[in-house]
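Going line by line, the protein sequences match chains A and B.
Everything in the first sequence is counted per this note's numbering, starting at 1 for the first residue and increasing by one.
Everything in the second sequence is counted per this note's numbering, starting at 1001 for the first residue and increasing by one.
Check before you lean on any hint, since a few could be wrong.
[Claimed, not checked] Only part of the chain B face toward chain A is listed, based on derived beta-carbon distances under 8 Å:
| no. | residue |
| --- | --- |
| 1 | Met1008 |
| 2 | Ala1009 |
| 3 | Gly1010 |
| 4 | Ser1034 |
| 5 | Lys1036 |
| 6 | Met1037 |
| 7 | Ile1039 |
| 8 | Ile1049 |
| 9 | Phe1069 |
Note that these hints are calculated values from the structure, not bench results.
Glycine included, C-beta positions come from ideal geometry on N, C-alpha and C.
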Amino acid sequence: MRKVLIANRGEIARRIIETCKKLHIETVAIYSEADVNLPYVKEADSAFLIGPNQVQQSYLKVDDIIALAKREGVDAIHPGYGLLSENADFARKIEEAGMIFIGPTPETIETMGDKIGSRQTMKAAGVPVVPGTDEGVQTLEDAIEEALQIGYPVMLKASSGGGGIGMIRCDNEQALSQNFVSVKTRAKAYFGDDVVFLEKYISDGRHIEVQIFGDTHGNIVHLFERNCSVQRRNQKVIEESPSPNFPQHARERLLQAAVDAAKAVNYRNAGTVEFIVDEDNQFYFLEMNTRLQVEHPVTEAVTGFDLVEWQLQVAKGEHLPVTNQADIQSTGHALEFRIYAEDPKTFFPSPGNIKSLNWGSLNGIRIDAGYEEGNTVTPFYDPMIAKVIVQSESREEAIIKAQNFFSSVKIEGIKTNVALFQEFLGAKAFQDGTYNTAVLPQWLDQQKGGK
Amino acid sequence: MKQVQSTMAGTVFNIVVQEGEEVTVGQTVMVLESMKMEIPIETETAGKIAKVDVQIGDFVNEGDVLVTFE
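Isolated chain A (complex conformation):
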């Protein structure tokens, strides 16, 4: 593998370029008109304009991207996360064109991309799933009947959904009736498919996921868990590993379930098995993400491995760098913070020009940024501008280190959630590690009430 095209943008394109450079692999970047000045475009060995700003006309143009890759003599394509990363059609066309797709097989992407299908697969493999409907629910009448069986509150979800879009909690029949059509409409608009299903809502649940990795020789390992329960709008804001407040026996069962899940689909390359974990540490399979995750640096920090390097090695057909599970150790504690261009109170996006970007003290802090000072955050893409990864011997030390770091960050020109981190890190529920997915909305309500 001598030349890789990165079918993505921003920080993840930059992250992949970094590892390719380390391994002396040539990189080809693609960019939209809006992204021409971003750092990753300059850092790639070559970069090509792929289209106008909207993703449908640029980063999602499957045939144009593959044609460019062929023309440039590329050996493999890395899809990053989001965009085309979980598009089975893209993966299949790359392989048909004689190149390598850096990810799982198109069949795996298809099976796991359909939430109903993946629930069925996991159930058959003995992995616990959230109680819910086995098939999609067609009509509101069916949904009401099923919800009575499951018991309220329920989550109404799009089978093709993801990234926090296409799911809503319904506390009663009235809420279900109000949301049924709109979730179907959203699913159709965002994902091109309006099949919906119902799951029991696990109250006070934590979102804990497991990083798994497989190669083409049948080896599958896990690289421990990440707790991603600090969320807003069902999207992650802080991730950490190891998960606090999680007993060792429960952790071992969870990690084993993730490996079983990966084995059930003969998994290849990097993947994440997401679980919801209740107050009694019972866990249920939620979904499997068939790509590298945004929060992969948390795992890199505690294990010491370069996961992009692992991806490239497996894609070449080689064995996993470590095939013996016992040789993969987790040391210390890592936290990742997603820096979003958004209002820290309303969470509304705040695109604009980054007039100044000063991270302050970087001692022992890793920053994966998609932008630099002077760049413009445009409204066409995800609002995440950077990730901050803090690592230390213990969770307590990591939190203190993060608090010190955020007190020195200064970003001007756009609103960011840095102000939120400055305050939220002191919240008791976060500090003591007992938090669940409701922690951030609850804390914000308390702040409002207190003023």
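We have chain A; now place chain B onto it with these hints.
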């Protein structure tokens, strides 16, 4: 002429009012999608809507007219 302008750039996701409809201050007239988020656009003035200036799926920039009042 009174108007509702877009407060940010994004794609028109949903239009919840019709031409000829009377709206009150604070009422949502449409929903934009921007940076993976749905943002309700509320009117700051009350009145009867003469014209809805955009269609679902249109890309609008900050300051673009979304709705014009009579």
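Checklist entry - Any hints this thing doesn't respect? Which numbers, in order? => result Of the numbered hints given earlier, those the structure breaks are 8 and 9, listed in rising order.
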